[in-house]
Amino acid sequence: MAFFVRFWGTRGSIPTPGYATRRYGGNTSCVEMRVDDTRFICDGGTGLCELGLQLLQSEARPADVHMLFSHMHWDHIQGFPFFLPAYETDMSLHVYEVAAGEDRIRRLLHGQMRSEYFPVTFSDLGARIVSGDLGDGETSVEGVKIRCFEQNHPGRSFAYSFEKDGKRVVYATDNEVDLTLENREQSMEKFSALRKIPPALVAFARGADLLIADGQYTDEEYAAKVGWGHARANTVVDLAVQAEVKQCAIFHHDPMHSDDDIDRIVEQARERAASFGSNATLFGAREGLELKIE
Amino acid sequence: MLDSGAVPKRNLPYRDDEDATVVGKLAPVPVVKPGKRAPRLEQVGGPGSPRSFELALDETIVGRAVQAHICVPSSLISRRHMALKKNGPQFSCTDLDSANGVLLNGVKAHSALLHEGDTLQIGDVVFVFREGD
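Chains as they are written, first to last, in the numbering used here: chain A, 1 to 294; chain F, 1 to 133.
The hints are simulated quantities; they were obtained by calculation from the structure and are not laboratory data. Source: prediction; values computed, not measured. Cβ coordinates follow ideal geometry from the N, Cα and C atoms, glycine included. Do not rely on the hints blindly, as some may be mistaken.
[Claimed, not checked] Not everything, but these chain A residues come out facing chain F in the computed CB check (under 8 angstroms):
#	residue
1	Val141
2	Gly288
3	Lys292
[To be verified] Dumping the calculated DSBU-like pairs for lysine-lysine here, alpha-carbon to alpha-carbon at most 35 angstroms:
#	chain 1	residue 1	chain 2	residue 2
4	A	Lys190	A	Lys225
5	A	Lys190	A	Lys145
6	F	Lys25	F	Lys36
7	F	Lys86	F	Lys108
8	A	Lys246	A	Lys190
9	A	Lys292	F	Lys25
10	F	Lys25	F	Lys85
11	F	Lys108	F	Lys36
12	A	Lys246	A	Lys225
13	A	Lys246	F	Lys25
14	A	Lys196	F	Lys108
15	A	Lys246	A	Lys167
16	A	Lys246	A	Lys196
17	A	Lys167	F	Lys85
18	F	Lys85	F	Lys108
19	F	Lys86	A	Lys225
20	F	Lys36	A	Lys246
21	A	Lys196	A	Lys145
22	A	Lys167	A	Lys196
23	A	Lys225	F	Lys25
24	F	Lys108	A	Lys190
25	F	Lys36	A	Lys167
26	A	Lys292	A	Lys167
27	A	Lys292	A	Lys196
28	F	Lys108	A	Lys246
29	A	Lys167	A	Lys145
30	A	Lys246	A	Lys292
31	F	Lys36	A	Lys145
32	A	Lys145	A	Lys292
33	F	Lys36	F	Lys86
34	A	Lys167	F	Lys108
35	A	Lys246	A	Lys145
36	A	Lys225	F	Lys85
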């Protein structure tokens, strides 16, 4: 079994091209997972554009692509109209709703391609758009078990778990875990204290080979951004520690953070994990980085 | 009528050929001789270090094999361990299914785009990637 994860967009909120962000990247959320010959794409931020080009150029061009969206805020869908495989008549895009009978994701993708926003309409796409769903929060695609978990974010968002042959990756972006902490007040006053993550989220991420999690803010920044739907990087560390994940990618970087800022956040995250006795590998998700899950 | 003799003489602290907007003395900017530093791998740890390899090929293989473009005699690295590929001005690294993997800045990576100062560790061998000028 071959399981690969590649980051095509790691930035939160808005694309940030420029010299100061070129190492971690300026494209918004888009992560590709290849499990044997099956391709999954988590979110359609601006990173999706380059992923599409790569898919069309690859020798083993897939006929089916499975897309899951954490939610439909701009920075997670803006790449979709520029995803060239969607214009190919020999492609099938499977777009998954979180519950049977919903038509939310397809409807919103359709909406952002109305002529007021974009010159090509959704119905002009050449690919076959196939609606799927996660039924009762769980489904299986080509032997890959997919589960979802509702998070804390304005307008709702969902985390996804992908599992095959005992290997598991959890994609959990745009989740203000901080608002759901069991010791929330203490966590706002004493940054060094371990933040008690809700048990359901810990269980969802438990033992993951890779956790990709929104860690947009520093502890100091967060007080002014409560309710905006994003977590503190140090809270993600505490999730990684309590869920005993093997690797954790801090994701959805703040658009105001330079590469050097993210380096500092990652360095502090590593120190914090070590202080709690964790040997998890923590790093900043970086555009162009591909990991083999083994 | 005002004649030129009526204009009071300015007592300025600079000469006529100096820019009046500049205050103080500026250090001269050194002239850089033409010539570029090529993209390269600097080996900073492991057998043979320190040394530097210019990345002039489209694909550079690093490994233990004598046929590797960059051959490092270490038992901890594979015969063909890692490839560095050039794609326009951008370089990437790919693990060639090595036994011990490639650590990019401490993270086990299958492949990655490289940037100035990235550290690549394969076994006991440590490289720093330099983008060049």
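Can you list which hints this structure breaks, lowest number first?
1, 5, 9, 10, 13, 19, 20, 23, 25, 31 and 36
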